[in-house]
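Undergrad: For the sequence shown, the positions run 347 to 496 when the numbering used here is used.
Hints were generated in silico from the structure; no laboratory data involved.
You may find that some hints are simply not true.
[Claimed, not checked] Cut-off 25 angstroms, straight-line C-alpha distance, at most; resulting in silico cross-link-like pairs (BS3-like, lysine-lysine): (1) Lys348 / Lys484; (2) Lys348 / Lys426; (3) Lys348 / Lys469; (4) Lys451 / Lys426; (5) Lys426 / Lys414; (6) Lys426 / Lys484.
[What the hints assert, rightly or not] Simulated DEER-style distance windows between Cβ atoms: (7) Ser370 / Glu421: 30 to 36 angstroms; (8) Ser431 / Asn463: 30 to 36 angstroms; (9) Glu421 / Ser441: 19 to 25 angstroms; (10) Lys451 / Asp377: 33 to 39 angstroms; (11) Leu490 / Glu421: 17 to 23 angstroms.
Think of the CB as a built atom: it goes at the ideal place given N, C-alpha and C, for glycine as much as any other residue.
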Amino acid sequence: MKEFTIFYADDDEDDLMFFEEAVSSLCENGDRLINLFLLKNGENLIETIERNNSGNFVVFLDLNMPLKSGFELLEEIRSKPEIQSTPVIMYSTSSNDHNVLQSQKLGANYYAVKPNNFNDLLKIISSAANINWKNHPKDNNNFLFHKVYC
Numbered sequence: 347m348k349e350f351t352i353f354y355a356d357d358d359e360d361d362l363m364f365f366e367e368a369v370s371s372l373c374e375n376g377d378r379l380i381n382l383f384l385l386k387n388g389e390n391l392i393e394t395i396e397r398n399n400s401g402n403f404v405v406f407l408d409l410n411m412p413l414k415s416g417f418e419l420l421e422e423i424r425s426k427p428e429i430q431s432t433p434v435i436m437y438s439t440s441s442n443d444h445n446v447l448q449s450q451k452l453g454a455n456y457y458a459v460k461p462n463n464f465n466d467l468l469k470i471i472s473s474a475a476n477i478n479w480k481n482h483p484k485d486n487n488n489f490l491f492h493k494v495y496c
């Protein structure tokens with residue numbers, strides 16, 4: 347059985363529930379186990395990653411959150427030597443070029459636009475869970491996750 351961990355920080359309850367439902371659906375057939383850490387804001391994200399970052403994992407960060415934005419959290423992750431290589435997918439409803447370029451500049455691995463339907467969300471999560479992030483090179487030419495993997 348493949349085991350994978352996802353850390354997802356988002357202040358929107360509906361988005362968190364939608365994501366959790368998709369992860370549960372992907373685990374139903376029993377060939378994979380996805381450990382999911384849902385964080386209602388980014389306040390505890392860094393310490394949660396530091397305590398639970400063994401194995402293959404990825405962080406999904408919403409851009410617009412109270413307390414700390416996704417950009418601030420990404421900068422914090424990249425500034426801490428012990429977790430700076432953490433794979434991060436910026437995950438937002440916005441496809442604004444500024445947000446995409448800023449995410450890339452700050453060191454995100456990918457940028458994904460939140461999908462409007464369940465099947466597209468399944469594709470994004472499944473694709474992220476199938477990547478061996480420890481050996482996955484960053485490719486700035488293919489930064490939009492959903493265009494590369496979905």
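Undergrad: All hints, please: hold or fail.
TA: How the hints compare with the structure:
no.	hint	verdict
1	Lys348 / Lys484	holds (23 angstroms)
2	Lys348 / Lys426	violated (28 angstroms)
3	Lys348 / Lys469	holds (17 angstroms)
4	Lys451 / Lys426	holds (17 angstroms)
5	Lys426 / Lys414	holds (16 angstroms)
6	Lys426 / Lys484	holds (19 angstroms)
7	Ser370 / Glu421: 30 to 36 angstroms	holds (32 angstroms)
8	Ser431 / Asn463: 30 to 36 angstroms	holds (32 angstroms)
9	Glu421 / Ser441: 19 to 25 angstroms	holds (22 angstroms)
10	Lys451 / Asp377: 33 to 39 angstroms	holds (37 angstroms)
11	Leu490 / Glu421: 17 to 23 angstroms	holds (21 angstroms)
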